[in-house]
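Chains as they are written, first to last, in the numbering used here: chain A, 1 to 232; chain B, 1 to 232; chain C, 1 to 232; chain D, 1 to 232; chain E, 1 to 232; chain F, 1 to 232.
It should be emphasised that the hints constitute simulated quantities derived from the structure, not laboratory data. Keep in mind that this is a model prediction, so the values were computed, not measured. Virtual Cβ for every residue (Gly too), placed ideally from N, Cα, C. No false leads were mixed into what you were given.
Just a few of them, taken from the derived set where beta-carbon distance is under 10 Å, the chain E residues facing chain A: (1) V55; (2) G66; (3) T71; (4) E76; (5) A94; (6) T137; (7) A139.
Protein chains: 6
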Amino acid sequence: MSEAFDILRRVTTATVTTMLLKKGIRHCWMKGAMPLAPGGGRVVGEAFTLRFVPVREDLATPESWGKPISTRAAIEAMPEGCIAVADAMGVATAGIFGDILVMRMAKRNVRALITDGVIRDKAGCLAANLPIWCQGTAAPASVNGLTFVGWNEPIACGGCAIFPGDVIVADDDGAVVIPQDLVEYVAAEGEEHERYESWVVSEVERGVQLPGLYPPDDEAKARYAAWKAKRS
Amino acid sequence: MSEAFDILRRVTTATVTTMLLKKGIRHCWMKGAMPLAPGGGRVVGEAFTLRFVPVREDLATPESWGKPISTRAAIEAMPEGCIAVADAMGVATAGIFGDILVMRMAKRNVRALITDGVIRDKAGCLAANLPIWCQGTAAPASVNGLTFVGWNEPIACGGCAIFPGDVIVADDDGAVVIPQDLVEYVAAEGEEHERYESWVVSEVERGVQLPGLYPPDDEAKARYAAWKAKRS
Amino acid sequence: MSEAFDILRRVTTATVTTMLLKKGIRHCWMKGAMPLAPGGGRVVGEAFTLRFVPVREDLATPESWGKPISTRAAIEAMPEGCIAVADAMGVATAGIFGDILVMRMAKRNVRALITDGVIRDKAGCLAANLPIWCQGTAAPASVNGLTFVGWNEPIACGGCAIFPGDVIVADDDGAVVIPQDLVEYVAAEGEEHERYESWVVSEVERGVQLPGLYPPDDEAKARYAAWKAKRS
Amino acid sequence: MSEAFDILRRVTTATVTTMLLKKGIRHCWMKGAMPLAPGGGRVVGEAFTLRFVPVREDLATPESWGKPISTRAAIEAMPEGCIAVADAMGVATAGIFGDILVMRMAKRNVRALITDGVIRDKAGCLAANLPIWCQGTAAPASVNGLTFVGWNEPIACGGCAIFPGDVIVADDDGAVVIPQDLVEYVAAEGEEHERYESWVVSEVERGVQLPGLYPPDDEAKARYAAWKAKRS
Amino acid sequence: MSEAFDILRRVTTATVTTMLLKKGIRHCWMKGAMPLAPGGGRVVGEAFTLRFVPVREDLATPESWGKPISTRAAIEAMPEGCIAVADAMGVATAGIFGDILVMRMAKRNVRALITDGVIRDKAGCLAANLPIWCQGTAAPASVNGLTFVGWNEPIACGGCAIFPGDVIVADDDGAVVIPQDLVEYVAAEGEEHERYESWVVSEVERGVQLPGLYPPDDEAKARYAAWKAKRS
Amino acid sequence: MSEAFDILRRVTTATVTTMLLKKGIRHCWMKGAMPLAPGGGRVVGEAFTLRFVPVREDLATPESWGKPISTRAAIEAMPEGCIAVADAMGVATAGIFGDILVMRMAKRNVRALITDGVIRDKAGCLAANLPIWCQGTAAPASVNGLTFVGWNEPIACGGCAIFPGDVIVADDDGAVVIPQDLVEYVAAEGEEHERYESWVVSEVERGVQLPGLYPPDDEAKARYAAWKAKRS
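Model the full assembly from the supplied sequences, consistent with the hints where possible.
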């Protein structure tokens with residue numbers, strides 16, 4: 001799998017979604033999970049899931065932070081290199097994690113945090129050097145609007161189903177999920193698609209019009225094949 | 001607990017929410033879960049939870065209906081007298097259950113079905129004689145928009161957290177959840193509150209104005225105490 | 001004004017909105033305020049406004065019901081024949097009034113209650129015999145999600161501005177507001193418009209096509225004039 | 001095609017959506033288009049489309065009703081037996097048609113009106129005897145919030161793409177669209193599916209559990225085949 | 001018209017909306033269409049419209065990109081200097097255009113792209129040097145959620161009606177549409193309004209209070225006239 | 001109070017919300033009110049409220065700007081150092097204030113403008129040097145969608161109740177409201193909480209795991225006490 005990961009780091013999330021569409025999968029881009037710091041590059045990793053349900057006032061309290069099922073305990077369970085994906089049900093009024101939790105995740109070499117909710121302590125989160133995809137920022141803590149219930153379960157995130165072990169790719173166009181058994185396919189096809197699009201770009205730059213080029217007709221396919229042959 | 005259940009069948013959901021507010025709980029009424037057939041009376045029972053995440057096209061298929069983790073298997077696991085509560089993430093475009101599943105639940109003496117989503121086969125569901133609280137009706141099956149992932153886990157339903165074993169009360173004002181360890185309290189206080197409100201109604205009927213009556217000042221408290229004494 | 005009110009009781013809300021559009025007013029129909037009991041007829045009356053803001057936990061408590069600025073005090077200030085219009089900010093999770101308050105309003109000869117929010121104790125409200133236009137029903141009380149702040153101020157209701165003294169007309173198509181100084185105009189023009197539409201209906205019934213009839217060309221205008229002359 | 005139409009009148013919209021899902025089509029149920037008068041039966045017909053864009057105050061006026069591109073002209077262009085499907089962009093504050101237009105459509109033997117918007121003059125529309133699927137009712141006319149721009153173009157309705165000539169089926173579970181070249185398939189498969197489900201119902205009634213029955217395992221398939229053989 | 005265009009390049013969209021309000025037009029600012037790269041200056045041009053409807057899985061496929069009615073063909077039909085305005089129905093989960101299409105538009109001297117939807121390949125789009133107003137970015141292609149159906153038809157965009165030939169002005173406050181026959185009026189009045197506001201700014205800077213200044217009373221009008229006279 | 005204000009300028013809004021949660025207050029962060037220019041620092045001040053209702057076409061006109069109850073008059077009533085908080089009902093299509101009004105507020109030493117709506121003339125507002133928290137920008141003026149009705153009344157803003165005299169704290173995580181009689185408590189507890197969190201940060205930096213540290217167990221409490229003692 002690590003070879004596929006190396007390739008996917010060079011494949012845009014836009015291309016990943018097109019490859020998945022060829023397999024009939026349209027629900028793979030997580031709505032609301034956009035880069036907190038755009039321009040930070042692409043991340044690839046296995047999903048480690050976190051699950052919240054709505055607040056219940058007798059459970060979601062500052063005291064709950066010390067319980068066995070807590071965001072703190074979940075962070076200590078995260079394997080190195082994983083991408084934490086949190087189901088916040090799209091709630092935008094309670095930050096699931098603040099700077100201290102994010103610092104600890106960075107310390108544990110978690111690769112990224114992705115959520116359809118929001119974070120808090122924005123300045124501290126940006127300083128912590130953990131790439132974050134989220135819907136934005138809010139001052140209140142998670143317990144203000146959410147109750148944490150567990151990790152490594154199937155979750156919803158931004159309109160997608162995420163299963164532990166699915167592979168996540170995230171860049172400036174957002175975050176996408178690849179079902180585990182399609183990872184090799186997406187990597188291989190995606191790499192070729194990127195190559196083809198880079199040729200299309202060069203064609204557009206020299207003034208070629210789009211119909212017949214993108215998608216290619218037979219003549220364009222031949223020109224592309226020639227270009228590709230010359231390159232290798 | 002069964003005595004508390006007997007009392008709760010005479011306590012409105014409106015009163016239940018007021019009793020819970022006295023304990024600081026504001027998130028107890030499930031948004032979107034309204035009676036499919038209003039006027040059908042009140043139900044009380046323990047929550048049996050069902051959980052959906054968004055559709056993933058490779059998993060949410062008609063074929064998935066035969067898998068071990070399926071809505072069919074969940075129904076066979078429901079204990080008699082429970083109230084099934086389904087987390088459909090508020091999705092209103094895919095009916096979580098149709099007439100056949102609802103008939104089977106009725107056959108198994110499930111007391112009611114409650115969801116923040118919708119059902120399908122409305123005519124058949126009404127005929128099946130299982131009380132249903134939902135957001136409405138849609139023709140497509142759950143697999144059109146949802147993937148079923150498990151039962152008897154903590155869930156979200158209509159903006160509330162529901163834990164297996166919580167107690168559900170539902171009537172024409174909707175469906176509410178009572179945390180397990182507040183059930184006795186709500187039953188006892190709720191019964192007294194209903195008694196007090198029935199006296200207030202009689203006062204309003206004879207033209208008494210609201211300030212001083214509801215909530216009562218000392219004079220009204222005395223009159224109520226007298227009325228109550230006479231009744232017992 | 002009472003003559004205008006008599007006429008307006010025979011003018012549909014649909015017609016009222018068309019008359020107001022001729023004066024450039026498009027924001028007059030209150031979104032979300034639909035009849036709790038359809039088929040109950042049309043009501044006309046002056047607006048008595050009520051205003052809520054979001055819940056603040058230290059203020060919106062059952063105890064607040066006894067304070068000088070409370071929904072109870074507001075009800076006692078309502079003049080006979082008025083229509084109470086409540087700005088609930090479209091909140092659908094807390095019932096602004098329950099059966100007891102509605103009973104008291106009926107007792108005080110308030111003509112109707114209109115809100116962009118919801119009510120509670122649906123069964124009791126229906127029994128109280130006060131016509132209600134609202135978005136639906138919820139079990140929790142207003143203090144669960146709202147704080148009452150005053151009456152007879154300008155308010156928002158269902159996307160409309162309502163000023164005390166504006167005139168409200170409500171029927172099965174919903175509730176509309178007429179600015180005070182357009183009431184005579186709307187009544188006069190509306191009555192004529194209803195007469196014209198009843199003639200159009202008879203024309204459609206005998207198979208006349210719509211272009212040239214509705215709106216009328218010169219020939220249709222002449223036929224209508226003749227029909228009208230014969231009637232009077 | 002008329003034979004397929006006859007069959008489809010006996011196939012529920014729920015079943016239609018399942019048959020379309022087998023062909024990979026998930027977007028076929030129109031969100032918001034629910035029966036104005038539930039219990040009125042199923043309709044089947046070819047789509048005749050109507051298209052609105054947002055209001056522009058210089059164009060959307062009562063005067064526009066007399067223009068060549070108007071809802072009036074569109075109605076006169078509707079062929080007998082068609083189902084009019086109107087793209088109102090889900091706008092719920094302006095009724096696209098009122099009683100007079102609906103009466104004229106009924107007179108022209110249009111089979112039904114379907115929209116993701118709302119109608120006005122609810123009482124008159126119900127009396128006109130044209131089945132209507134819509135999101136509800138509003139007093140203002142279409143020109144209050146919409147500009148009519150044409151008919152028999154591809155449209156959006158309730159999250160679905162509708163092309164002129166597509167086939168519409170609508171019942172108490174809402175309205176679905178069948179792409180023209182899948183109509184024969186859906187009719188044939190749908191009829192068989194209905195037969196199979198009626199057998200499943202009888203099995204559930206005698207207490208058979210769902211796993212193994214729905215979907216059927218080999219043993220159930222054999223029992224069904226026997227039942228089917230006996231019936232024919 | 002080109003003189004009016006030259007003037008409009010010096011008139012803010014804020015001022016354009018105020019001039020249109022004087023003519024009774026309130027629906028002219030496209031909700032959701034905000035600059036992808038703020039600070040890039042103002043654009044003015046004639047609208048060239050593009051229309052999408054929801055996805056239909058049998059039509060919205062990568063293969064459809066090669067069809068005669070495709071976004072590719074539409075781009076080749078765009079005249080130099082036009083502003084492409086795309087009705088994406090506000091869909092935020094499928095990017096209507098990616099970097100390659102945007103590059104081709106820039107090559108063809110299209111002035112700008114405006115949509116109530118989103119784009120994809122954000123980095124590439126920014127590099128292509130075509131000003132873009134949109135709701136944001138998403139990785140999936142248009143076919144993931146939309147079906148392209150045509151160009152140069154009336155469309156909806158961000159709650160506005162856009163007709164081919166309308167004039168678009170867009171800057172950091174968003175994008176507005178001017179009906180064709182109001183362009184001269186808006187240019188002339190807008191220019192004078194900008195002049196007046198620049199005088200008001202100088203007055204505010206020297207400490208003059210707003211009542212009596214903005215809008216001006218007679219004394220302020222006289223001072224402004226004097227200032228204006230001195231300047232010319 | 002001014003001492004409390006000095007302390008609060010060193011307390012994050014995130015911490016303020018946690019201190020208020022300890023008092024049972026969850027509704028204190030204003031949804032939609034985010035910094036127009038992030039990174040501009042924290043502001044603290046007393047709330048001066050402004051209230052809008054929806055547009056009514058006969059009242060919300062450019063002419064209304066000269067009336068006694070107008071945004072202009074409200075600005076002249078603002079005391080030095082206050083924070084203006086405007087209830088725009090979350091409307092995102094009409095800018096409540098433009099550059100000229102914002103310049104005047106800055107001139108009057110208003111400390112900040114906070115709204116759940118939007119502003120217009122973004123470039124000019126940024127230049128005016130008044131910190132602004134809002135939902136974004138729109139070209140149209142307030143009268144396009146709103147009617148101004150008064151100042152220094154209780155209002156709704158971003159889902160919170162704001163009363164004149166409440167204290168506002170705003171920074172990059174948004175804007176929060178502190179009820180007047182909790183200001184001393186929040187300042188005192190908040191300062192200590194910030195101190196504790198700065199120690200936690202140093203612990204996380206040296207690799208300490210979160211369970212037992214945040215919240216602290218007895219051992220961590222002792223270490224913190226020692227650290228604190230050394231510092232003073």
